[in-house]
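If you read the protein sequences in the order shown, they are chains A and B. Take the first sequence: its position 116, counted from the start at 1, is 116 in the working numbering, and no numbers get skipped. Take the second sequence: its position 196, counted from the start at 1, is 196 in the working numbering, and no numbers get skipped.
Please keep in mind that the hints were generated in silico from the structure rather than gathered at the bench. Quick caveat: nothing in here was measured; it's all calculated off a predicted structure. Hints may contain errors.
The list treats identical chains as interchangeable, and a pair is accepted whether it falls inside one copy or across any two copies.
Cross-link-like lysine to aspartate or glutamate pairs, in silico, EDC-like; alpha carbons within 16 Å at most [unchecked claim]:
(1) K238 with E268
(2) K49 with E83
(3) K207 with E220
(4) K208 with D285
(5) K49 with E268
(6) K62 with E261
(7) K320 with D248
(8) K80 with D319
(9) K208 with E78
2 protein chains.
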Amino acid sequence: MVPKDMVLNEIISLLKGKEKILILPHVSADGDAIGSSIALGLALEKMGKQVRIYFEEEIPDKYNFLPGQHLIEIYDEEKKEFEAEVAVAIDTGDENRLGKRRDVFNEAGVTVNIDHHNTNSMYADFNFVQPHCSAVGEIVYRIIKMMDLVIDYDISICLYVAISTDTGGFRYSNTTPETHRIISELIDIDIDVSEISRRIFETNSYKKIKLMGAAIDTLELLENGRIALHTITNEVMKAIGAKEEECDGLVNIGRSIEGVEVAILLRELENGEIRVNLRSNTYVDVSEIAGFFSGGGHIRAAGCTMEGDIESAKQKLIDKIVQKL
Amino acid sequence: MVPKDMVLNEIISLLKGKEKILILPHVSADGDAIGSSIALGLALEKMGKQVRIYFEEEIPDKYNFLPGQHLIEIYDEEKKEFEAEVAVAIDTGDENRLGKRRDVFNEAGVTVNIDHHNTNSMYADFNFVQPHCSAVGEIVYRIIKMMDLVIDYDISICLYVAISTDTGGFRYSNTTPETHRIISELIDIDIDVSEISRRIFETNSYKKIKLMGAAIDTLELLENGRIALHTITNEVMKAIGAKEEECDGLVNIGRSIEGVEVAILLRELENGEIRVNLRSNTYVDVSEIAGFFSGGGHIRAAGCTMEGDIESAKQKLIDKIVQKL
């Protein structure tokens with residue numbers, strides 16, 4: 001096997017030697033994919049390269065404040081004027097995560113894969129995958145340093161967004177001493193940490209807030225406050241006009257309540273089934289509970305789908321959870 | 001004026017030379033006051049000192065996981081068996097913030113004041129005040145390093161809590177490169193960042209969640225979504241059994257909504273007056289609005305108290321805000 005740093009040196013030589021470079025973050029790009037792609041794009045542009053970043057779809061509004069917007073395009077299959085010599089996939093665990101840009105990736109002269117998912121399928125000519133990095137932002141930081149480029153104000157903002165979003169604001173267990181060391185260097189350039197944090201962490205859609213209200217309105221504390229239960233009916237979803245993915249994270253409201261060990265969100269789907277999200281705080285293995293109802297997940301976060309009405313789903317779940325409390 | 005580092009050297013010599021050391025955080029101790037006090041206490045105990053930390057009142061439950069609980073006492077005027085040679089006030093801008101422990105502070109042989117408020121009144125024999133530090137935790141970190149003590153697992157947890165809470169999870173503008181450099185070193189000891197963060201940032205009282213629900217239920221978006229308004233009536237406060245301070249931060253729900261510039265929380269007080277909290281995101285100076293109604297505050301966070309009913313307070317405020325949108 002080729003040592004990792006040798007691969008990185010080869011990638012850097014490759015980027016230095018080519019002129020037209022295409023950067024491709026994964027579909028439904030998140031803060032790390034967006035921030036890392038733009039940071040790398042800006043750095044390559046400083047070296048005099050022609051750079052394009054193709055996104056699969058519009059990026060979320062909250063990232064519109066990022067610099068480097070002139071490098072960004074929403075990919076259009078009909079419009080193929082940019083013939084990339086190198087295509088770089090960013091934060092993309094396998095080729096399918098490139099969506100309809102998979103072809104344009106493979107049509108490039110050389111392909112590069114820069115990622116931190118330990119499940120990465122090594123689909124490119126050059127693959128640099130670092131699972132110990134909290135974010136691809138950490139890898140791009142290192143690439144820019146190795147290319148002897150200065151990390152300027154704009155690149156700092158992009159890397160700060162990449163790393164802070166993928167670590168949940170330095171709260172997830174993927175946060176390392178190196179993460180904070182890099183951030184220490186990035187904010188030395190005097191970027192506006194509080195304004196950036198407000199934009200990326202304290203911005204919600206109106207629908208999301210209304211869903212939070214609905215989740216709180218239906219909150220029940222059971223078993224002496226050790227179980228918190230939220231319910232979102234199909235009727236409420238329609239009244240708010242919310243999409244399924246906007247329910248992400250609602251179960252954490254119940255989980256955050258003092259004394260709660262297990263939080264449940266029951267969501268009525270259009271087909272009448274009940275989608276169940278489970279979270280625990282310290283000792284209940286919710287993947288076991290979800291598994292009993294043919295679902296799965298992790299010890300502290302799991303889910304399943306159940307037949308029947310909300311009341312019967314609730315009873316079946318509580319009966320199982322009580323045995324573990 | 002005595003150079004600052006000379007003062008710090010004197011404080012360290014003093015602590016090294018004495019045996020019975022009393023540590024006093026400010027009243028209503030927050031994460032920084034609690035974490036810094038315990039970290040300093042544990043370090044001094046490692047040097048063989050007798051240490052007590054007197055709190056004015058019970059500390060919030062969410063900090064009960066902190067190590068060093070054996071050093072902690074709730075101050076009891078009747079029980080005075082510990083005759084301190086040195087008393088160290090922590091994170092305490094002036095003596096009054098010691099509450100009823102002010103006397104026990106002044107009765108100690110020597111008094112020390114370790115703080116980061118730029119308004120500090122320099123009330124002790126030795127005052128070490130560093131306004132550029134995000135948290136007193138940063139100063140205690142430095143003291144422990146200067147005393148050539150190892151920052152162990154327990155001290156790391158305390159300093160992590162001190163610094164992360166006073167910077168709002170590294171999001172406030174007081175966060176510096178040095179803040180992240182220190183955190184990088186603290187978490188190198190492998191403390192459980194995700195579990196600590198959950199406990200200090202993702203734990204709410206049931207009443208707080210119910211208040212959030214009430215604030216969302218009354219949410220109005222006005223002026224094309226540029227103003228968000230929440231209302232909490234006295235009736236709701238009573239029904240939930242909430243205390244005034246539990247309304248802290250509710251106005252940020254409205255502030256977080258995409259497109260909102262000014263968020264308002266109207267809270268009906270028991271005497272019938274209306275307490276107003278105002279927040280803005282990017283350009284409206286809400287201290288000016290509050291000032292018009294005899295209140296005050298900062299550009300992005302201000303407040304005032306108004307006579308009359310909720311509806312008339314709302315109209316008067318909106319009329320003023322609209323002129324600034």
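Checked hints:
no.: 1; hint: K238 with E268; result: within (11 Å within a copy, 33 Å between copies)
no.: 2; hint: K49 with E83; result: within (13 Å within a copy, 71 Å between copies)
no.: 3; hint: K207 with E220; result: between (22 Å within a copy, 13 Å between copies)
no.: 4; hint: K208 with D285; result: neither (28 Å within a copy, 27 Å between copies)
no.: 5; hint: K49 with E268; result: neither (51 Å within a copy, 61 Å between copies)
no.: 6; hint: K62 with E261; result: between (33 Å within a copy, 14 Å between copies)
no.: 7; hint: K320 with D248; result: neither (24 Å within a copy, 37 Å between copies)
no.: 8; hint: K80 with D319; result: neither (58 Å within a copy, 52 Å between copies)
no.: 9; hint: K208 with E78; result: neither (35 Å within a copy, 53 Å between copies)
When held up to the earlier numbered hints, the structure conflicts with 4, 5, 7, 8 and 9 and fits the remainder.
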